[in-house]
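> Sequence:
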Amino acid sequence: MLRLLSPLRDTRLVDQDPESGHYRLGPQNALLGRLYLNASTPSASPDRPPA
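Numbering (this note's numbering), first residue to last: 8 to 58.
There are no misleading hints in this set.
Computed spacing ranges between beta-carbons, pair by pair:
1) 47 to 26: 29 to 39 Å
2) 48 to 10: 27 to 37 Å
3) 42 to 16: 17 to 27 Å
4) 26 to 48: 37 to 47 Å
5) 48 to 27: 28 to 38 Å
6) 15 to 44: 17 to 27 Å
7) 10 to 45: 31 to 41 Å
8) 18 to 47: 17 to 27 Å
9) 11 to 39: 12 to 22 Å
Just so you know, the hints here were simulated from the structure itself, not pulled from any lab data.
Note that CB positions come from ideal geometry on N, CA and C, so glycine has one too.
The task is simple: from the sequences and hints, build the whole structure.
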């Protein structure tokens, strides 16, 4: 299990709570979500004018 989580922890996609030891989504997931939205919905992107 740790071998599977290690790359996710290295890229901050998953963080481990120091008190409980539970895993949770890391801050890089927000970046991935924003990139996905910008790529899939051009009109929602603040960098591009509406089509």
